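Same order as they appear, the protein sequences are chains U and Y.
Residue 161 in numbering that gives the first Met the number 0 is what sits at position 162 of the first sequence, and the numbering runs on without skipping anything.
Residue 178 in numbering that gives the first Met the number 0 is what sits at position 179 of the second sequence, and the numbering runs on without skipping anything.
Quick caveat, the hints were computed from the structure, so don't treat them as lab data.
Bear in mind that the values here come from a model prediction, so they are computed numbers and not experimental data.
Be aware that one or more of the hints could be misleading.
Said to hold, decoys possible - Okay, the calculated bits of chain U under chain Y, using three or more residues with CB under 8 angstroms as the criterion:
1) 120 to 126
2) 146 to 157
3) 225 to 238
Stated by the list, open to error - Just a few of them, taken from the derived set where beta-carbon distance is under 8 angstroms, the chain Y residues facing chain U:
4) Ala11
5) Glu15
6) His103
For each residue, glycine too, the CB sits at the ideal point set by N, CA and C.
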Amino acid sequence: MTAVLTVPASLDEAQFESVIEQLAAVPTEAKLLVDARHCRFATPYGLTALLCLAQSRVERPDFAPPEDEQALSYWARAQFFKYAEELYTIRGTVPKRAASGDSDVLLEVTPVNGNEDVQGIVRRIQEKAQQILNTTLDLEPRSTMGFSMTLSEAASNIIEHAGRGGWVMVQRYNWAKRRVGRDVVQIAVCDAGMGFRASLEGSRARALADRWDDQTALEAAVIQGVSRFADPGRGQGIKGMRGWVHRIDGKLTVRSGTARIVPIIPDWDEDVPLQGGLLPFPGAQINVIIPRRMAPP
Amino acid sequence: MSHIDLSVALDAAAPEAHHHLVTRRTGAVVRTVIERQIAKLAEGSVAVLDFSQIGVLDRSCADEFVAKLVLPLTMERPSRESYVVLVGVSEGHLDAIEAVLEAHRLALVVRFDDGVTHLVGTVSALERQLWECVMARAGAAVEEAAEAVGLALEEAQATLEELVRRRLLRRLDDAFAPLGAPA
Numbered sequence: 000m001t002a003v004l005t006v007p008a009s010l011d012e013a014q015f016e017s018v019i020e021q022l023a024a025v026p027t028e029a030k031l032l033v034d035a036r037h038c039r040f041a042t043p044y045g046l047t048a049l050l051c052l053a054q055s056r057v058e059r060p061d062f063a064p065p066e067d068e069q070a071l072s073y074w075a076r077a078q079f080f081k082y083a084e085e086l087y088t089i090r091g092t093v094p095k096r097a098a099s100g101d102s103d104v105l106l107e108v109t110p111v112n113g114n115e116d117v118q119g120i121v122r123r124i125q126e127k128a129q130q131i132l133n134t135t136l137d138l139e140p141r142s143t144m145g146f147s148m149t150l151s152e153a154a155s156n157i158i159e160h161a162g163r164g165g166w167v168m169v170q171r172y173n174w175a176k177r178r179v180g181r182d183v184v185q186i187a188v189c190d191a192g193m194g195f196r197a198s199l200e201g202s203r204a205r206a207l208a209d210r211w212d213d214q215t216a217l218e219a220a221v222i223q224g225v226s227r228f229a230d231p232g233r234g235q236g237i238k239g240m241r242g243w244v245h246r247i248d249g250k251l252t253v254r255s256g257t258a259r260i261v262p263i264i265p266d267w268d269e270d271v272p273l274q275g276g277l278l279p280f281p282g283a284q285i286n287v288i289i290p291r292r293m294a295p296p
Numbered sequence: 000m001s002h003i004d005l006s007v008a009l010d011a012a013a014p015e016a017h018h019h020l021v022t023r024r025t026g027a028v029v030r031t032v033i034e035r036q037i038a039k040l041a042e043g044s045v046a047v048l049d050f051s052q053i054g055v056l057d058r059s060c061a062d063e064f065v066a067k068l069v070l071p072l073t074m075e076r077p078s079r080e081s082y083v084v085l086v087g088v089s090e091g092h093l094d095a096i097e098a099v100l101e102a103h104r105l106a107l108v109v110r111f112d113d114g115v116t117h118l119v120g121t122v123s124a125l126e127r128q129l130w131e132c133v134m135a136r137a138g139a140a141v142e143e144a145a146e147a148v149g150l151a152l153e154e155a156q157a158t159l160e161e162l163v164r165r166r167l168l169r170r171l172d173d174a175f176a177p178l179g180a181p182a
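The following block holds chain Y by itself, in its conformation from the complex:
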């Protein structure tokens, strides 16, 4: 996992913003900086974006930064395999992040200050159930996950693959693994 302090990235890209992620233009500038940093990471790396020093986050900026950062990673054939986890997210940030993820039907793994990791954004009940199953076990094979949630093997397999495509879980040999710490 590679930790990226957003306040440092924001200071470098837009010092006049004073740790507030507001306006589309600021969002676009910061996204470009973060995209460059992610591109330098090894294939399959998890970038942990730390919001703990960020003040205000508005929806326009969240759309330009968070949603547009994640969109290309979740395409059917992305140019690289990268994962993003958000940490240090406050309740105030969550409102903007949740809204823009839902607008694009995206989801992200978010670890809150209490250490608990959640899925935020658009996810089906089944996706959430399987994701939580994998998180609780710190990784699971498809047979184990299917049995735990009472699903046919094929359906569990397809849903878990979809969670990997959406960059909410990782493939680890024959099993599926969480991105962040287990719940």
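Same shape as in the complex, but just chain U:
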């Protein structure tokens, strides 16, 4: 018996929760069909999280790609199918891998399995996206380096703590009609590894905690900068990301297990700072939204 998971028409961070909801009702070892036929839009978070979903299954799931031509073409340009073909059995045909000529895809879906992958990601962003970042986001040189640093730290988090590979993608959007009212760049860094709670299991924070769950583990790591290592220099990566995102009026969200934390909620958005008791999803999923710098009044 194959369980069918329906991918919503618009697959962003919020809508991916509906996929997790459906997933929670299916035993880990059950055969799965991820049905994206009616999906017309997906963000980097949605695409990378779909790959994590497949990684988390015992049996290789099936995947029905979008029927919408534009969506199908975008998913191919974003290199989603290049990796989805390794993790899913694709039902139907998908466009051949095409080099992305899409200037809005600043970094296609990229695997993170080791040190060289993080170096490659930083190199490609510095080479390909530097000028776009300057013009799209109007970032100062110091902030442009902050962008690469954020990407590098988030990807490093996978190789240091996840215990298995993950995925990164970066995309530019024109959000003139949304509340933020300007261009934004989204970074998604997702893995299906052990997650923050398991990673911090041997930490001092765990030893001192009265209550220990995904929520307290996320708070310890993201807000207090706690690491599984006692070294005071550890935990600097997330702290640096948080500081930079705050300085440039961006938004950072981290989901792990059954919890989600939003340490930076900018004025242009609304969200819940900390949530526990969500339906479980393995690993850690980081989403960063960086809006274009506002001209000083």
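Go by the hints and put chain Y onto chain U.
Chain Y only, in chain U's frame:
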């Protein structure tokens, strides 16, 4: 002073990094290379680490490379007397360097592109005052420094000795001398 171009060291140790100092592993590899180079220098030498050709520096790498390079040099009884000065540091690099030095309560002498030398990291107001006094004079005896900042001789002596232990000043006979160019 011995000039060490970090981009050359990085090319030799991790060519795939393409002049970007990112990830802990890269930091550890480069630190090992630099430690070997410093070990070859004469006792009491100043190693000038040049960041001018380095692109991105993230905090994880800075912690593994910069902080862990400096920590053993500043121990109570270090295995050798070596000093480190950073040059060619951009504003983007500074964010990572400052954060990791503060996490370990360390400080370093950094010379910026405008030629001005600063103390970066964790330093007390008194340490900074005395350090600037020695820098402005391109070296000073304890009596001169104590008088210039209005301190008792013993307190000035103790603070200056602490700056030497932290590898932010050098002892030169009876006086204290800067590591880099005077401000």
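Hint-by-hint comparison with the structure:
1. Coverage of a stretch by a chain is defined here by at least three residues with a beta carbon nearer than 8 angstroms to that chain's beta carbons; for the segment 120 to 126 of chain U and chain Y the count is 3, and the condition holds.
2. For the segment 146 to 157 of chain U, the stated coverage by chain Y is satisfied: 5 residues place a CB nearer than 8 angstroms to a CB of that chain, which reaches the threshold of 3.
3. For the segment 225 to 238 of chain U, the stated coverage by chain Y holds: 6 residues have a C-beta nearer than 8 angstroms to a C-beta of that chain, and at least 3 were required.
4. Interface hint at Ala11/Y: violated, since its Cβ lies 15 angstroms from the closest Cβ of chain U, which is beyond the 8 angstroms cut-off.
5. Nearest Cβ of chain U to the Cβ of Glu15/Y: about 5 angstroms, under the 8 angstroms cut. The hint holds.
6. This hint holds: His103/Y has a C-beta 6 angstroms from the nearest C-beta of chain U, less than the 8 angstroms allowed.
When the structure is compared with the earlier hints, a violation turns up for hint 4 alone.
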